[in-house]
Structure formats: structure tokens, C-alpha cells
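Just so you know, the protein sequences line up as chains A and B, in that order. Mapping of the first sequence onto the UniProt record's numbering: residues 1 to 671, in sequence order. Mapping of the second sequence onto the UniProt record's numbering: residues 1 to 671, in sequence order.
Be a bit skeptical, because a hint or two may be false.
Cross-link-like lysine-lysine pairs, in silico, BS3-like; alpha carbons within 27 angstroms at most [unchecked claim]:
no., chain 1, residue 1, chain 2, residue 2
1, B, K94, B, K146
2, B, K668, A, K146
3, B, K524, A, K94
4, A, K146, B, K670
5, A, K340, B, K517
6, B, K524, A, K340
7, B, K340, B, K668
8, B, K524, A, K143
9, B, K60, A, K626
10, A, K517, B, K340
11, B, K11, A, K237
12, A, K524, B, K340
13, A, K668, B, K11
The hints are simulated quantities; they were obtained by calculation from the structure and are not laboratory data.
Here is what each chain is made of, one letter per residue.
Number of protein chains: 2
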Amino acid sequence: MAPVIPPSAAKTHQVVLMEKARAAASFNTSELSCLIYGSAEAVKQRRGAYDRVETQLGTKDTSVLPRIYGNMDRERAYQESLEMGTIAFQDGIKHGHNFFSEVTPRGIFANASPIGLNILLFIPAIELCGSAEQRAQWLPLAKEGKIIGTYAQTELGHGTFVRGIETTAALDTTTDEFVIHSPTKSSTKFWPGGLGFSSTHAILMARLLVGADDHGPHLFMVQLRSLEDGKPLPGIKLGDIGPKLAYNGVDNSFAVFTNVRISRLNMLMKHTTIAADGTYTAVPNHAVLNYATMLRARAIMTRIAAFQLAQATTIATRYSTVREQGAGSNGTEKSVLQYKHQHFRILTLIAKSYGTFFASKYCTTEYEKVMHQQEQGSLSGLPYMHSLSAGLKAWATGEAADGAEDARKYCGGHGFLMISGLPDLVASSTGMVTFEGENYVLWLQVGRYLIKCVDTLVQGKKLHPEMAYLSDGSTYNAGPGAVNGVCEAQGSAFLDQHVQLDIYRHRATRLVHAIHKRFRGSSKTPEEAWNQHMLSIITAARAHIEYIVLRAFAAHIHHLEGTISVSLMNILATLCSLFALSHIINPRTVDALVNGLLEGLLPEAIALTDAWDFTDASLCSALGMKDGDVYGTMMRWVEQLPINQRAWEHNEGVYRPGWEKWIDPILKAKL
Amino acid sequence: MAPVIPPSAAKTHQVVLMEKARAAASFNTSELSCLIYGSAEAVKQRRGAYDRVETQLGTKDTSVLPRIYGNMDRERAYQESLEMGTIAFQDGIKHGHNFFSEVTPRGIFANASPIGLNILLFIPAIELCGSAEQRAQWLPLAKEGKIIGTYAQTELGHGTFVRGIETTAALDTTTDEFVIHSPTKSSTKFWPGGLGFSSTHAILMARLLVGADDHGPHLFMVQLRSLEDGKPLPGIKLGDIGPKLAYNGVDNSFAVFTNVRISRLNMLMKHTTIAADGTYTAVPNHAVLNYATMLRARAIMTRIAAFQLAQATTIATRYSTVREQGAGSNGTEKSVLQYKHQHFRILTLIAKSYGTFFASKYCTTEYEKVMHQQEQGSLSGLPYMHSLSAGLKAWATGEAADGAEDARKYCGGHGFLMISGLPDLVASSTGMVTFEGENYVLWLQVGRYLIKCVDTLVQGKKLHPEMAYLSDGSTYNAGPGAVNGVCEAQGSAFLDQHVQLDIYRHRATRLVHAIHKRFRGSSKTPEEAWNQHMLSIITAARAHIEYIVLRAFAAHIHHLEGTISVSLMNILATLCSLFALSHIINPRTVDALVNGLLEGLLPEAIALTDAWDFTDASLCSALGMKDGDVYGTMMRWVEQLPINQRAWEHNEGVYRPGWEKWIDPILKAKL
């Protein structure tokens with residue numbers, strides 16, 4: 001084996017650059033961390049949990065090549081993720097926390113563990129859709145890991161379009177059972193995480209059939225395999241669906257059911273019930289209510305998207321701080337972060353990660369409000385919440401995926417290496433674009449809600465308070481000379497938060513009313529008109545959500561006034577302003593203002609990313625090492641690669657399997 | 001082992017849909033294939049080559065899970081690619097063709113084979129920069145595979161910024177040798193494909209040192225390892241740089257040189273020479289001339305980008321044709337390609353793939369023109385060619401990467417599966433954005449050229465003929481009421497190709513002149529002004545290249561007039577028009593015209609992608625199977641996954657390594 005280069009005692013040039021950049025901040029990083037995680041105590045607890053789990057996993061020594069970058073085929077990746085998931089899950093049980101229910105010690109989404117859906121979807125589905133008896137029976141088991149569950153909705157032929165689900169659950173009144181069955185190839189359950197090898201149970205979505213009646217999709221608790229020996233129960237075929245762009249530690253899987261019998265009492269019965277004689281009852285909107293698990297998951301995904309974007313941005317910011325390139329004629333080099341295009345790109349991503357995070361806090365607050373109202377018997381907030389969680393999920397995951405990929409590209413060639421940590425972040429964030437509701441479908445759902453809102457206005461009725469802004473629509477008529485119908489603000493007035501909010505609100509209102517007019521005024525059938533105007537509907541939905549995000553970002557900062565230091569307040573206000581202005585295209589005055597904001601934030605870049613408090617082990621990135629020792633870490637890790645260790649056995653430097661079978665014969669071939 | 005589902009004899013619903021869609025075309029697919037590959041004979045030869053290689057590789061039977069989707073760790077991936085590369089390379093030698101020098105039988109870039117750079121960079125570098133004696137000595141060896149070469153330019157600390165290269169080649173006049181040395185950690189050669197284990201030689205870029213003189217980067221032929229036993233020569237340390245986003249079959253590598261001696265005659269001496277006494281001579285512009293290999297590679301990359309985009313689009317088009325989703329209230333389903341947002345997205349990608357391809361043909365023609373002029377002693381075309389290849393490379397690879405990712409997203413969740421073929425296409429096309437010149441750096445090079453062009457105009461001198469359009473700049477002054485300074489065309493006039501070209505030319509001219517004025521008029525130092533205006537410079541450079549692409553696309557079609565059928569001519573003209581209009585934002589009239597073009601092209605979608613003539617084995621995509629049997633292929637492949645085969649041994653359905661070590665203990669844990 002070739003000796004591994006030991007970490008150098010002397011500080012490298014890059015480490016010095018990093019220390020300097022870190023010291024340049026005008027605010028206290030810890031104060032911002034506390035704001036993100038809720039309190040100083042929460043930050044401390046979170047650190048403790050990471051420390052314990054990373055110690056147990058053996059990932060704390062960052063001079064050692066992370067195992068995931070070694071020779072990991074699919075099966076080893078699965079076992080590695082099982083280990084990480086188990087240790088994190090059990091740490092949560094032992095210490096009573098849920099730090100790892102969304103973001104894991106490998107820096108990525110709960111989907112990165114084969115048992116992650118137990119927490120993200122299985123337990124919530126029982127809580128939200130199970131009857132009192134069902135909750136009492138199943139929740140303790142799932143929470144303590146006595147059973148491990150997943151959530152099985154999507155099929156080979158249908159994903160986001162729930163009404164197309166084909167799996168059936170037919171009531172057999174003679175035995176008081178449901179018969180679960182996959183009637184076609186396209187009805188094969190396909191995609192659920194952990195379904196193939198890791199879960200014992202699933203909440204399964206299937207069409208409820210009672211005699212000749214098809215009541216549509218309902219949820220059922222189905223035991224998949226023996227708790228004793230792990231074998232699938234009779235009639236259930238389970239298997240993995242193969243390697244993916246990311247999450248290869250998870251057994252995303254398929255399942256085929258052949259007349260599998262479960263008790264009638266296994267249908268989730270909070271919102272719908274089925275009696276032994278087949279009598280079916282359902283509360284109003286039961287389909288939407290049974291969908292609450294997905295609604296909750298989407299709200300969480302907005303927060304996860306913020307973390308993913310923040311992680312990618314942290315890596316890119318750190319590397320851009322210590323990576324130097326020639327400036328031009330005089331041959332001196334400077335940090336690439338100082339080049340305007342990099343400076344602009346990185347800082348706008350930082351602003352976006354905070355904007356997304358604060359919007360996700362707003363989403364959670366609204367979700368809790370709606371759940372509380374629902375317990376009081378009111379469903380009036382549900383349509384807004386549905387559109388909010390769909391729209392924020394679509395916006396946040398789309399922006400995070402694009403932003404993470406941008407961050408990767410900003411790292412040049414090295415961002416293409418797995419050891420940069422970025423390919424995995426890009427791939428796992430881009431997966432979110434289609435998980436739990438494909439974004440284009442979600443945008444259209446938001447659009448449908450917006451059309452209905454304007455219908456409501458037209459009927460002279462009141463809108464949900466959070467949507468009331470649309471009622472100003474009649475006053476906005478962009479004159480023929482107005483570019484994008486924009487307000488009359490000039491120069492530095494664009495820095496005024498009210499002006500910024502006006503611009504976003506105005507744009508959203510204008511686009512929503514315009515598309516409503518075209519859609520409702522069309523002479524075509526609604527279906528044809530909908531298809532014809534689809535692109536404009538999506539544009540309007542995006543404008544609405546972008547206004548909501550900016551409003552939430554600004555309101556959150558406003559709300560903090562007086563509770564945080566002036567220096568932090570200034571930074572957050574500047575970030576919010578940058579977020580707002582970097583989406584407004586092109587007027588020369590705005591460009592100049594953006595340049596001013598960028599200058600102000602440059603010294604804060606490292607502190608703004610440090611504040612997320614990501615550990616080196618969770619970022620798993622040679623480019624994103626907190627100490628800035630990029631080149632040292634890269635070479636140390638690379639030397640430890642199994643393929644190199646194998647080639648350097650006996651100090652040979654030859655990778656024998658390749659040389660002997662292919663290279664040597666080419667050189668000697670007579671063609 | 002569980003039995004594998006045999007291909008069904010009956011046509012599935014999806015196969016029927018595909019046949020119908022294929023039959024809908026109004027033109028002859030073969031005619032378009034001949035146009036792409038040059039002639040009917042070329043199409044036939046190409047098919048023969050694919051057939052032989054795929055037969056030898058054993059990839060023709062598409063009911064068998066492609067090996068790359070099985071349990072492939074890094075080392076097995078490397079050997080798999082060696083096999084593919086060797087068979088393809090030797091087929092080219094035996095049958096005298098170069099079908100695989102750019103696109104391989106695995107559907108991706110030459111970089112996908114560990115010996116691919118022998119063809120893409122090593123041989124061309126000798127041809128373009130070697131003296132007559134050097135060419136006579138080395139070319140036959142490289143072409144016959146008696147030596148296998150790579151091209152080693154980038155270092156750990158410097159990639160695209162060539163002047164920052166640190167590796168040194170110091171002349172020792174006492175022994176008539178160069179001493180090749182890596183003086184720092186950041187000077188480690190890093191990234192070259194095949195360097196670690198597969199190549200015997202490299203064209204190395206290093207600073208030429210003669211006594212106290214540093215003549216800057218020059219090219220040297222360096223033997224890396226023994227041709228007998230493959231061992232690295234003394235003083236050379238070689239190794240792989242680890243797993244990447246894509247191209248994991250290639251040993252992208254690092255190399256450290258410790259005072260390695262090579263003959264003085266190993267410097268490439270076409271444009272520069274060094275005498276035994278250290279006397280140095282160089283033709284004017286030798287640095288640019290020595291860079292010709294990269295210039296050629298960029299021209300080729302534009303064509304490769306077109307193929308990559310076409311491959312991703314082919315998969316997405318085929319899957320969107322057979323994937324059905326519910327239309328709304330009446331519960332019927334239709335092909336997702338008929339939904340406007342999918343329809344728009346897919347067809348604009350098809351148009352873009354053809355636009356990129358025809359622009360690459362223009363680039364090749366210009367390259368050959370410049371090389372011919374150069375042989376006649378004229379370098380006047382070089383600056384234009386340099387900016388053209390840089391700009392087209394940046395534009396085409398950026399659009400291909402974004403387009404391939406879009407195509408992946410248009411396939412919903414299934415596009416996240418490796419068996420869709422899309423993750424690999426996305427990852428390999430996104431790599432091109434940074435390979436052989438990071439796109440942002442290239443855009444700035446184009447910008448610098450454009451500034452110089454306007455300087456030339458200001459001095460009253462003539463521009464390169466292809467740039468003459470900029471001299472109309474003075475006549476374009478967008479009035480205060482003009483939106484983006486656009487022309488006065490109305491309604492269907494936007495369908496007029498001349499109007500479209502006017503719009504693109506006008507925009508480019510306006511932006512280039514505007515940024516020239518701001519940059520040259522700045523009171524700051526040139527370096528500061530450059531940094532300040534960087535974003536606008538890139539915008540202007542993009543506008544210029546987009547005009548060039550549209551101009552090349554339109555000119556190519558114009559040139560075909562009379563030589564191809566009217567039906568094909570109509571299709572190509574419609575594609576060109578869609579390409580032009582889909583980049584123009586928003587005016588209502590344009591939206592309506594685009595809708596019209598989309599309607600016209602919908603029945604042609606399958607034929608337009610079939611025309612590229614990609615084999616099923618090279619696309620390696622369950623979603624992109626030519627026959628449309630998506631779900632059948634997916635399930636057949638998934639059943640064959642090694643992890644499933646292992647779990648189903650003895651009909652158990654339990655993946656023992658995971659169950660025994662992790663799941664079972666969780667279920668039994670007492671916490």
C-alpha cells in the first residue's frame with residue numbers, strides 16, 4: 001500500500017485565505033445559527049446529536065476518504081445507508097429528538113435512508129388518517145421501530161395523477177377482509193422507498209371496491225413480510241427498481257400483489273369507514289383529507305430544499321473563497337469569488353437559500369393553523385394550504401435543484417468529482433422535483449386554485465385572507481408604454497421593501513387576472529382552453545408563489561425587529577433586498593443597486609454559510625472543508641481510493657486487471 | 001433464481017401507440033438520416049459498424065438488463081469501458097472508419113472510453129503541433145495503437161486558465177534533455193482521461209524553462225510507462241481521481257512528476273523550436289497555434305452536444321408518446337405529449353438539437369477554412385475561429401446540458417432511474433460545460449473578441465466577413481418606446497425568416513455596441529471595468545452566438561433547397577422557425593404563432609427523433625425503446641437486477657445481508 005499523505009502541520013495558503021474571509025464578517029455567526037434552529041439550546045442539542053452519530057459511524061476524521069467515495073456498488077451502498085439510518089433513528093429514540101427526521105447525517109433528505117419513510121410518511125399517515133383505535137395500536141410500534149413502514153402510492157403507470165391508481169382493495173364480506181390485488185402490469189407499485197427489503201409494513205393506496213362500487217383511492221395498512229424471518233407474505237412480490245441518479249442507498253422498490261388478504265379493519269378510518277356489511281361512510285372532502293400526509297410532506301420538502309440549496313452553496317462559497325485565478329495582464333491572482341459573475345451567482349444563491357428557508361417557516365405555521373382549524377371542524381383553510389404547499393414545494397425544489405447544479409458548475413471541473421459532494425447534492429435535490437408530486441402538475445394545481453380565486457372575486461365573495469391581495473387586481477392596468485406594467489419607482493426607490501413587494505404583487509395580480517380572463521373568455525371547451533393556456537397558467541402560478549416567498553421573507557425579518565442585533569438585522573434585510581432585486585430583469589438602475597448590495601455582502605459570505613452549522617462529515621466535500629484546505633484534502637482522499645491502492649500494491653503503479661486484459665493486448669495487436 | 005419475464009408475444013398498448021405515432025409523419029425518415037450522416041452509404045456503413053461492435057459487446061439483445069445497470073462498482077465500470085473502447089477502436093482500424101471517434105456505442109462522448117483521448121486529443125495534437133519528423137515518427141504508432149496517448153493540460157490548481165499552469169520543463173543543455181517537474185501540490189496534473197492506468201504516453205503542457213527564461217506553456221511528448229510491463233517510468237506517480245458524476249469507466253487521473261528526464265527532441269516543434277544550446281525560436285502567435293488541438297476539440301464538442309441533446313430528446317419523445325395521463329373530468333387518458341406544456345418543451349428541444357447540429361456543421365466548415373488558410377501562411381481567420389469555437393462550445397454544451405436535464409424531468413419520476421438512460425446522458429452532457437474550457441471563461445473570451453471587433457470598427461477598419469453584421473450597429477438605436485428595441489413586424493410577419501434573423505442580429509448588434517460603449521467609456525482601470533461589466537459582456541456574447549446559430553441553421557436549410565424533398569424542406573423550415581421564435585419572449589402574437597408551429601410538428605415528433613438512427617443498445621434506455629414497450633422493458637430489466645436475484649435465491653424474497661445485520665436487530669431492539 002502506498003503511504004497516505006498525512007495532514008500537514010503548516011497552514012496551507014488556502015487555510016489562511018479561509019481564516020481571513022471568516023474574520024471579515026460584521027455579524028455574529030452563532031446568532032444566525034440560533035435563529036435558524038430556534039434557540040441556542042437547539043443548536044447545542046443538534047450538535048450533540050451529530051457528534052454522537054458521526055462518532056458511531058466513524059466519519060468524524062475527515063482525513064480519511066469517506067467510505068461512500070470508495071468502491072461502493074449498489075449492494076454496499078444499501079448496507080451503508082442502512083447503517084446510517086439505523087444509528088440516526090435509534091439516536092432519536094434514545095435521546096428524544098427528531099433532528100434526523102428530515103436532514104440526515106449524510107447531509108441529504110430523509111429518503112437517503114431505507115427506513116426514512118417510516119418517519120416522513122408512514123407515521124404521519126397513521127396520525128393523520130388513522131382512527132383513534134388505529135393510532136393507539138400502530139403508532140407506538142412504528143415510533144419504537146417494532147414495525148418499519150413505508151408509503152406506497154405511485155405505480156408503474158401513474159405517479160402524481162392519483163386518480164389513475166389501479167391497485168384494488170375489494171371487500172369480501174364473507175370473510176370480513178379486503179383482497180389487495182395488482183390487476184395489470186402498469187398497476188405494479190413502483191418507487192416507494194424501503195418497500196423491497198427494508199420495510200415490514202406499508203400504508204398502501206388502492207381503489208376501494210365494494211361489490212360493483214368503486215369508491216376510488218383509499219389508504220390501507222398492509223403487512224408486507226414476516227416480522228420473524230423477513231419473508232414476504234404469500235401473494236406479495238417485492239424487489240428493488242435499480243440504480244438511480246441518487247439515493248442509491250435506498251431500496252426504492254416495486255410490489256406486485258396477487259389476491260392478498262388483509263382485515264377489513266386495516267383500512268385507515270379517520271375520514272372514511274367501511275362496515276362489515278359494506279356500508280361506506282365518508283366525511284366531506286375525505287379524498288383531500290386522506291391526502292394530508294402528502295400535504296405535510298410537501299411542506300417539509302420546502303424546508304429540505306432550503307437546506308439542500310444551503311449545503312451546495314456552502315461548498316461553492318468555501319471553494320470560491322480559496323480558489324484563485326489570474327486576473328489578467330499583471331499575472332496576479334485573486335479569489336474567484338471576487339470576479340463579478342461568480343460574486344453575483346454565489347451571493348444570489350445564498351440569498352435564495354435564506355428566502356426559501358423563511359418561506360418554509362411560513363408554510364409550517366400555515367400548516368399548523370389549518371390542522372388546528374380542522375380539529376375545530378373547519379376545512380375552510382384547506383384549499384389555500386393545498387395550493388401553498390404545492391406551489392412552495394414546486395418553487396423551492398425547482399430552485400434548489402437548479403441552484404445546486406449552478407453551485408456545482410461554479411466549482412468548475414472539480415465540481416464534477418464525487419468527492420466535491422456536489423454531484424450527490426445536485427442529484428438528490430433534483431429528485432425532489434418529481435418526488436411527492438411532479439412540479440409541473442403542482443404548478444397547474446396552483447393555477448387552478450388561482451382561477452377559482454378570481455372566480456370567487458367575480459362572484460363578489462371574499463377570498464382567503466392570505467389571497468386578498470388579488471382583489472386589488474382591477475386597479476392594475478398596465479398602460480401601453482409600461483414595460484411589464486411596472487411601477488414608477490426610480491433609482492434607489494427600488495431598494496425600498498414596499499416598492500419591491502409592490503412590484504411582485506403587481507406582477508402576480510396582473511398575470512393571474514389576465515390568464516383568468518383568457519381562460520374563462522375562451523370559446524373552447526374548458527379542457528381545451530386549459531391545455532391551450534397551460535404555459536401562461538404556469539407563469540402566473542410562479543409569479544404568485546414568488547410574491548408569497550418574498551412576502552414571507554420580508555415579514556419574517558420584520559417580525560424579528562428588536563429581537564436580534566442591528567448588525568444581523570442589516571445583513572438579513574440586505575439579503576432580502578438582493579433576493580427581490582436579482583429576480584427583476586435588467587433595468588440599468590436595478591443592476592447598479594444589485595452591484596451595491598453585492599459589495600456589501602461580499603465580506604459576509606463565509607459567515608452566512610457557516611451559520612447553517614453543517615459538519616464537515618455531513619457535507620462530505622473536499623471542496624467544502626470548513627478549514628479551506630481544499631487541495632490537501634483532495635489529494636489525501638484521492639490517494640486512498642481503492643483503485644489506486646490496488647494499483648500501488650507492491651509499488652507497481654499498474655492496474656493489472658485492465659492492463660493485462662485490454663491495454664497490453666491493444667499494444668501488441670496485429671490488425 | 002427467479003425466472004425472468006419473457007418478452008410478450010402480444011403487442012402491448014404502448015407498442016401500438018408508438019406504431020401509430022411513427023406512421024403519422026409526413027416525411028421520409030431515411031432522407032433525414034442521410035442528410036445528418038452525409039449520404040445513404042454513410043448511414044449504411046455506420047449501421048454496419050454499430051452492428052459489429054454491439055454484437056461483439058453482447059448488447060444487442062435488449063431483453064437482457066444492460067450490464068452497466070447491474071452491480072457495477074468503479075473498478076468493474078473501468079474494465080467495462082476498456083472493453084467497449086477497445087472493440088470500437090479496433091473496429092475503426094480494421095474497417096477504416098471513424099464513427100466512434102466522437103460518439104461511442106454507449107451513446108456518449110469519446111471521453112467515455114479510457115482510450116478515447118488518444119483519438120480526440122493525442123493524435124490531433126501531434127498532427128497540429130508536431131514537426132514533420134515528429135509526425136512521421138509518432139502518428140503511425142498512435143493510430144495503430146502501438147502507443148496509447150492522452151493530453152495532460154489541467155492541474156489541481158488551474159484548469160481553463162492556461163497561463164497559470166505550473167508544471168515545468170527545464171532544458172538541461174549538458175544532457176540535451178528536459179527535466180519535467182511538478183514543483184507544488186497545486187501543479188499536480190489532474191483530470192486527464194486515461195492518464196492513470198490506460199495511457200502509455202501523454203502530450204504534456206508545461207512551462208518551458210531555459211536558464212532563467214520562462215517561455216510559458218509548451219507541449220511535450222512524455223512516455224508515462226513501460227510498453228513492456230505497464231509500470232510507470234521512474235519519477236512518475238500516476239493515479240485515478242475517483243468517482244465522478246459520469247464517465248466512471250474512465251480513469252481520469254492525476255500525475256506527479258519528480259525530475260523526469262525526456263529528450264530535448266520531445267518538445268512539439270511545429271511552431272516553436274529549441275536548439276541544443278537553448279536557442280529558442282517561435283513563429284508569431286505560437287501560443288495560439290499550440291492551442292489548435294483545443295480549438296479543434298471545441299468544434300467537435302459542439303457536434304457531440306447536438307448528439308447528446310438529440311439522444312435525451314429521443315428518449316423523452318418516445319416515452320411521452322406512450323405515457324398516458326388522465327385528461328380531466330371525463331377520466332379518459334391521453335399521451336402526455338399532447339399536453340401543451342410537454343408538447344412545447346419536447347418540440348423546442350427537438351428544434352434545438354437540429355439547430356445545434358447544423359451550427360456544428362458550420363463550425364467544422366469554418367475550421368477547415370482556417371486550417372487551409374493557415375497552411376497558406378495566413379492567420380487572419382484565427383481570432384474569429386477562436387471566438388466561434390469557444391462561443392459555440394459554450395452555447396451548445398450549456399444548452400445540451402440544460403436540455404438533457406429538462407428532457408429527464410419531462411419523464412417524471414422514471415427519468416430518475418438509471419435504466420431510463422437519462423441520468424447518464426445528463427451527467428455526461430453537463431460535464432461538457434466545464435471540460436476543455438469552462439463555459440463562463442469561454443463566454444468572456446467571446447466578449448473580449450467582440451469588444452475588439454467594435455474597436456476595429458471605431459478605427460475605421462474592416463471586420464472579418466462573418467462579423468460584418470456588427471458594422472450596422474450605428475443604425476440601431478432603440479427608441480424609448482421600443483420593447484427590447486425590437487423591429488416593427490406584426491402578426492405572421494414573425495414567421496418570415498428574414499424578420500427572425502433581423503431580430504437576432506439587431507439584438508446582438510445593440511448589446512455588443514452598448515457594452516463596448518460602457519466598457520471603453522468607463523473611468524475605471526480596464527481590469528476593474530471588465531469585472532464590473534462582466535455580466536453584460538456575457539449577455540452580449542450569448543446574443544452574438546445565438547444569432548450565429550440561427551444564421552447557420554437558416555443558411556444550411558437554404559443551401560439544401562432543391563436537393564431534398566419538399567416535405568422534408570417544410571419540416572426543417574418549421575423547425576428553424578420554432579427554434580427562432582421559442583427564444584423570443586412573450587409577445588402574445590408570437591405565442592399564437594408558436595402554437596401553430598407546434599401543432600404542425602406534433603405528428604412528426606417520432607420521425608424527427610428516429611432520424612438520428614440511434615440503436616436501442618446505444619441509448620440503453622427502457623423509456624426510450626424504439627418499439628415503445630416501456631413498461632415491459634422496465635419490469636424485465638428490473639427483475640434481472642443482481643440485488644433482486646440475490647434476494648430471490650431459494651425463493652426467499654429476503655435480502656439477507658441487510659435483514660440480518662440491520663432490520664432484524666432494529667425490530668428486536670430494546671431502547
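Tested hints:
no., hint, in the structure
1, B:K94 - B:K146, "holds (14 angstroms)"
2, B:K668 - A:K146, "holds (7 angstroms)"
3, B:K524 - A:K94, "violated (62 angstroms)"
4, A:K146 - B:K670, "holds (10 angstroms)"
5, A:K340 - B:K517, "holds (19 angstroms)"
6, B:K524 - A:K340, "holds (15 angstroms)"
7, B:K340 - B:K668, "violated (53 angstroms)"
8, B:K524 - A:K143, "violated (64 angstroms)"
9, B:K60 - A:K626, "violated (49 angstroms)"
10, A:K517 - B:K340, "holds (19 angstroms)"
11, B:K11 - A:K237, "holds (25 angstroms)"
12, A:K524 - B:K340, "holds (15 angstroms)"
13, A:K668 - B:K11, "violated (49 angstroms)"
The structure is inconsistent with the numbered hints 3, 7, 8, 9 and 13, although it conforms to all the rest.
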